[in-house]
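Read off the chains here:
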Amino acid sequence: MSATLRLDALTKSFDGRANAVDAVSLTVEPGECLAILGPSGSGKSSVLRAIAGLDSPTSGRILVDGTDVAGVAPERRGMAMVFQRPLLFPHLSVLDNVAFAATVAGTPRGEAREDARQFLALVQLEGFGSRPVTALSGGQEQRVALARALAARPRVLLLDEPFSALDPELRADMHELLGQLRERLKPTVVMVTHDRDEAAIVADRVALLRTGRLLQHDTVERLYTRPASLDVARLMGGRIEVAGVVREGVHRSPLGSIEAPAGESWPEGESVLVVRHEAVHLASPPVPAPQGMTGVTAVVTARHARGPRAAIELAVGSATLAAEVPASRPLTIGQEVAAHIPRSACTVVTPVPG
Amino acid sequence: MARSGARAVGTTITALDRQAAGVSPRGSRRWSSIALVAPAVLIALFVVGGGIGFSLVQSLGLLPLVGEASLSLDAYLANGDDLVRGIGLSLAIATASTALSCIIGLTAALVITQGRSTGRLVAGLSAFTIPIPHLVGAASVGLLLSDAGIIPRILGIPGTEWPDIVGGSWWIAVVLEYTWKESAFVALVVAGVLASRVARYDETAALLGASRARRLRHVVIPLARPAVIVSAIIIFVYTLGSYEVAWLLGRPYPEPLPVLAFRLFTSITLTARPEAAAVAVVTTLISLAVVALGMAALRRTPLWK
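Residue numbers (the numbering used here), protein chains in the order written: chain A, 1 to 354; chain B, 1001 to 1305.
If you're looking for bench data, these hints aren't it; they were derived computationally from the structure.
For glycine and all other residues, C-beta sits at the position ideal for the given N, C-alpha and C.
Accuracy of the hints is not assured; some may be wrong.
Incomplete in silico selection of chain B near chain A, CB under 8 Å [stated by the list, open to error]:
| # | residue |
| --- | --- |
| 1 | V1047 |
| 2 | E1203 |
| 3 | S1211 |
| 4 | P1222 |
Derived coverage of chain A by chain B (criterion: at least 3 residues anywhere in the stretch with Cβ under 8 Å from a Cβ of chain B; other residues may be distant) [what the hints assert, rightly or not]:
| # | region |
| --- | --- |
| 5 | 85-91 |
| 6 | 144-153 |
| 7 | 267-281 |
If you anchor each label on the Cβ, the simulated ranges turn out as follows [said to hold, decoys possible]:
| # | chain 1 | residue 1 | chain 2 | residue 2 | range |
| --- | --- | --- | --- | --- | --- |
| 8 | B | A1213 | A | D15 | 26 to 36 Å |
| 9 | A | H175 | B | A1213 | 35 to 45 Å |
| 10 | A | P353 | B | A1213 | 47 to 57 Å |
| 11 | A | D65 | B | S1117 | 33 to 43 Å |
| 12 | A | R17 | B | A1213 | 57 to 67 Å |
| 13 | B | L1042 | A | D15 | 54 to 64 Å |
| 14 | B | S1211 | A | R222 | 51 to 61 Å |
| 15 | B | S1211 | A | P168 | 52 to 62 Å |
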């Protein structure tokens, strides 16, 4: 169930239009869960369909355990896929859906069903086997789809936004279930999602795609704290961008001088400092910045309710900052605060030309 | 019709008003839906029920053209041998036509749903076939395939050596004509059902390791089954009761049920009218039995919900 998957300059274009997938290269280690993250139209589903063999790439290679799978039909690739819609076969019972892969592989019916029962138990649906698929709720349907895919013992399990049609509570349950399944079966998983939080919860590493190009392939934490470009920072929901110049490893801007984190060096020249708004601490003005933090005096310019949190916008001279505080904290527009920015949370990226 | 429709709509509005005023909504909704379908049901009942009822009464000797009315089964027994032979022949023609239409139509539907250019061609041909009347189809088959037809002439085969396709003992031309037209019907009905759902299920099944043949057997055909059964019922009942094709392309004897019924009905012997009604009643009973069997088969498919 755990194969290595490698994409080598995978490119896909439709009818001569701009490439939907543009020279994407990455490796997924055995047992790893990779999330392909991107806005709609970024080509993430095209990557998945190419891996599955449902579409053939325009150029580039797909290697499973080092073997090129070009020209191998989907049914021979050993990849199972769970789609956004469960697509359970309506003419089969729940159990026979899960037993489908074994049945079409020629396993005797009793044996196939026994095996399917174990996978139903794995997705916590013991005893649901004899039901028709129409008697299931949305969450249960997706669990059965997951069990059916796993029962096929895929070399790589492909998930195409499988939980995006479920309500938040069910999604959380499914994320937990997927975590448990990964622990028990250690499958190699490639999951497509447009949800940053889902990618962060489920995946070990994330490949961030935009307009078919791979912007960054990294751990979730590094995508947030060390984005490779301004695009990445923005797609990951970063709200702080402070233009300045790096000289002798120090970024100078209206925020003052901020040194590169220990062990890192920043390239010289014009650059944009990015830092997660979640990392910015707000204190009352006289409080000095603790060790390892840069302190600036800022003025609250806007406050937006975000349920239990409040998003705060701040002005520091000509620069703007953002921060998040508990909704109960009484910060008002025009109030002066001390903003503390941890050095370790800072990084610089090249400014967008023009 | 239009006036009764307007009245039905009026009833619905009244029903909705009453619903708003707090009258049991379920009861009034039921009445309003009955009122809405009533005009269509009444007309259908008048034509179908009246027709069958009249035939039944006439076949039992209660409505003779001449003579005294008396309850008897004479009309059913008068042409006993012809009736039995007719039943056998009609069942055989209908079964062969239905089976061939379903096989060819299902295959065509699969080609159509593949979405390639051949699929569009087949869909176009099927759509073109539907509006051509059976009578025109039968005449064309006769002109093409009889021993003096166009095809033996083009091929330069003398009529004496040409097989008895038209008017032969195997009723091949009749079955061919039905199959030609009804397979187009099956193709379009089944393709319509498959088009909306089969592609995603097919992909899912492929990713679960099912080969093309396995997908056909385990996914596509089961998904198409209800539509095929419904089409089969319609085709069987139609071919069992259809007159003109069998009359044009068949042989004079033995006669299929509708040909027998029509001959007796137009017979100069006035006493033959109840006999014609008896044949019609038998045809109707067989049709109803086939519909019942078909519906039972349909109810057994898990998709029929």
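Quiz item: Against chain A, is E1203 (chain B) within 8 Å by beta-carbon distance?
Solution: Since chain A brings a Cβ to about 6 Å from E1203 (chain B), closer than 8 Å, the hint holds.
Quiz item: Is 26 to 36 Å a correct range for the gap between the Cβ atoms of A1213 (chain B) and D15 (chain A)?
Solution: 31 Å, holds
Quiz prompt | Cβ separation of L1042 (chain B) and D15 (chain A), checked against the hinted range 54 to 64 Å | solution = 55 Å, holds
Quiz item: Quick check: the region 267-281 of chain A, covered by chain B? Criterion 3+ residues, Cβ under 8 Å.
Solution: With 0 residues closer than 8 Å to chain B, the region 267-281 of chain A misses the three-residue bar; violated.
Self-check item: Three-residue Cβ test at 8 Å for the coverage of the region 85-91 of chain A by chain B
Solution: holds (count 5)
Quiz item: So does P353 (chain A) sit 47 to 57 Å from A1213 (chain B), Cβ to Cβ?
Solution: With Cβ atoms ~56 Å apart, the hint holds.
Exercise. State whether the coverage of the region 144-153 of chain A by chain B holds or is violated, taking the criterion as 3 or more residues with Cβ-Cβ distances under 8 Å.
Key: Result for this restraint: holds, n = 3.
Quiz item: Measuring from beta carbon to beta carbon, are R17 (chain A) and A1213 (chain B) in 57 to 67 Å?
Solution: 35 Å, violated
Quiz prompt | Outcome for the supplied range 33 to 43 Å, where the beta carbon pair is D65 (chain A) and S1117 (chain B) | solution = 38 Å, holds
Practice problem: With a cut-off of 8 Å on the beta carbons, see whether V1047 (chain B) makes it to chain A. | Solution: 37 Å, violated
Quiz item: Can the suggested window of 35 to 45 Å be confirmed for the beta-carbon pair H175 (chain A) and A1213 (chain B)?
Solution: Given range 35 to 45 Å: holds, Cβ gap about 38 Å.
Quiz item: Against chain A, is P1222 (chain B) within 8 Å by beta-carbon distance?
Solution: 4 Å, holds
Hint violations for this structure: numbers 1, 7, 12, 14 and 15, all remaining hints satisfied.
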